[in-house]
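If you want the building blocks of each chain, they are given just below.
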Amino acid sequence: MAWSSALRRIFSHPWVLGVLGILTVFGVWLLVTSSGLVDKLFLPGPGAVWLAGTEQFQRGILVADAVASIRRVFLGFMISAGLALPIGIAMGTNRTICNFLEPLMALIRYMPAPAFIPLLIIYFGLEELPKVMLIFIGTFFFNTLMIMDAVKFVPSELVETALTLGGRGLPILTRVVAPFVAPQVLDTYRINMASAWNLVIVAELVAANEGLGKRISLAQRFLRTDEIFVGLIVIGLIGLLIDLGFRFLMRRACSWAN
Amino acid sequence: MHLQVSNVSKSFGEGRDCKLVLQDISFELVSGQFMALVGSSGSGKSTVMRLIAGLERPSAGSIHLDGELVRRPGSDRGMVFQKYSLYPWLTAAQNVAFGLSLQGRGKAEIRERTAYFLDVVGLADAARLLPRELSGGMQQRVAIARALATEPKVLLLDEPFGALDLQIRESMQEFLHDLWKTTGLTALLITHDIEEALLLAGTVHIMAPRPGRIVHTVDVRLDRSDLRHLRVSQPFLELREELAGRLRSLDGSLL
Ligand SMILES: Nc1ncnc2c1ncn2[C@@H]1O[C@H](COP(=O)(O)OP(=O)(O)O)[C@@H](O)[C@H]1O
Ligand SMILES: [Mg+2]
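If you read the sequences in order, they're chains V and A. This note's numbering puts the first residue of the first sequence at 1, with every later residue one more than the last. This note's numbering puts the first residue of the second sequence at 259, with every later residue one more than the last.
Keep in mind that the hints are not guaranteed to be accurate.
Selected chain A positions facing chain V (in silico; Cβ < 10 Å) [claimed, not checked]: (1) 343; (2) 358; (3) 407; (4) 433; (5) 493.
With a straight-line cut-off of 30 Å between C-alpha atoms, the simulated BS3-like cross-links for lysine-lysine are [stated by the list, open to error]: (6) A:439 with A:411; (7) A:341 with A:365; (8) A:439 with A:341; (9) A:277 with A:365; (10) V:152 with A:439; (11) A:277 with V:40.
Derived by calculation from the structure, the hints in this document are not laboratory data. Don't be surprised by glycine CBs; every beta carbon is placed ideally from N, CA and C.
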């Protein structure tokens, strides 16, 4: 009796099941690879992947690759987020601006960002700029439209209360609209950050000297599946960390919204 | 204080979609008066309120406050909405302080006045709580304190207790009556509840819908020393029944 209720309590904790899910896949992976059923060249075991990872780490390329990719993502995403915030708020509060920009943005949003890569390379060469621009293009329109939507749903009572308390103009935006949409804006950023990661890898597959995506495409050329797995896992872990970071920020800064 | 609403009409939309919502509304409100507008839902009560608050402009007629034409919202006309009007990210005290800080008052003054008005509405202990931690009745008291803190000339209450449970509504009515007696505020209350209007207001205007207009005005002269007793007293019940009959016939004639 006591045992089963203790077990139930443990399993009702969301983290426990999550970790269990990951461990299950890991276990299957270990079983399949150690049984010798699959060619190691196609599916390396956890041990081989760990070795490849530590080797990359010791040579310093793992950190260098991660830093290169993270820098691109953050640069591109910061420009995107920084511009999307005022433009999204402007579109959400002003009918004219919204009518002018929304169809345009809705159109561009449906153009797949990777399809811009050839143009970006022609315009900006093979350096950092085209990769940063790709992340910008791939996230800016989503960020803007999602922020616009959040702003449109600010209850009119909140704005009108501020007006009847003597508020006018900019303070309405900074002290009513901004705090109200802050949780949704953070969530928008969290969701679109995932696209930014997808895009940086795509960009690096095409042209780069270093970066986690670049390392994967190099590994493919030499049939180093263990290194491909290292890249995939590191990308996943960094993404997860960023996601958790946003969630943490949201809990700290917007505790009222939970 | 003198609020003058003169021959105000309001229509929404244009051309074929034009809809006359208010027709030729006139009344006056002076310092210390408690007035109520009663009408069924859709009779244009909220629109009257929004016009006075300056959130809408009249299509015809004019509204003057102390001789000055009302053109836009301002802190001289405090407003309390039915619900959802507290800032959910601010504590009760910060909500009360919101208008004061919008006006750029000094820190010490804000702190002092916030504490004073929280105390006036009986929520000194709830100062640090967020709106979601407050009951519906407490939330409306914070909203009232917030509107009072900037010292409006007139307090506009748009069905402030409409979303509350019956029992809480009754205690809030008693609260509002006491507040009016002790602070001498001037209030315009909107409600669809005749009992509420008769309990609180010295003057009650009955509104008819489509288009919204004032069809009947009652000066209520009742002994308000004990509201709980008043609710069940004979003259009160008779007056309530008479006005309820009028409202029913207004709605009935339009069915
Ligand atoms: N901004 C608006 N645009 C169009 N119609 C409106 C608007 N505001 C109110 N109305 C209409 O005016 C009528 C009266 O509304 P309202 O003043 O809210 O009535 P009440 O508060 O008495 O329920 C309703 O039929 C409503 O649909
Ligand atoms: Mg209404």
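Next on the checklist: Checking one constraint from the list: CA of residue 439 of chain A to CA of residue 411 of chain A, max 30 Å. Satisfied?
Outcome noted: Roughly 16 Å between the alpha carbons, so the hint for residue 439 of chain A and residue 411 of chain A holds.
Next on the checklist: residue 341 of chain A and residue 365 of chain A were given as a pair; does the straight-line alpha-carbon distance stay at or below 30 Å?
Outcome noted: 28 Å, holds
Checklist entry - Does the CB of residue 407 of chain A sit less than 10 Å away from some CB of chain V? => result 9 Å, holds
Checklist entry - Does residue 439 of chain A lie within 30 Å of residue 152 of chain V when you go C-alpha to C-alpha? => result Between residue 152 of chain V and residue 439 of chain A the Cα gap is close to 41 Å, so the pair fails against 30 Å, i.e. violated.
Next on the checklist: So, as I understand it, the hint says residue 433 of chain A touches chain V; can you test that by seeing if any CB pair is closer than 10 Å?
Outcome noted: 20 Å, violated
Checklist entry - Going straight from one Cα to the other, do residue 439 of chain A and residue 341 of chain A come out at no more than 30 Å? => result 24 Å, holds
Item to check | residue 343 of chain A as an interface hint toward chain V, with CB separation required under 10 Å | outcome: 4 Å, holds
Checklist entry - Can the hint on residue 493 of chain A be confirmed by a CB-to-CB distance to chain V that is less than 10 Å? => result Violated: closest Cβ of chain V sits about 36 Å from residue 493 of chain A, beyond 10 Å.
Next on the checklist: Against the 30 Å threshold, does the CA-CA distance of residue 277 of chain A and residue 365 of chain A hold or violate the hint?
Outcome noted: 47 Å, violated
Next on the checklist: Next pair to validate is residue 277 of chain A with residue 40 of chain V; report whether the Cα-Cα distance is within 30 Å.
Outcome noted: 77 Å, violated
Checklist entry - Minimum Cβ distance from residue 358 of chain A to chain V below 10 Å? => result Check passed: Cβ of residue 358 of chain A comes within 8 Å of chain V, closer than 10 Å.
In summary, the numbered hints that this structure violates are 4, 5, 9, 10, 11.
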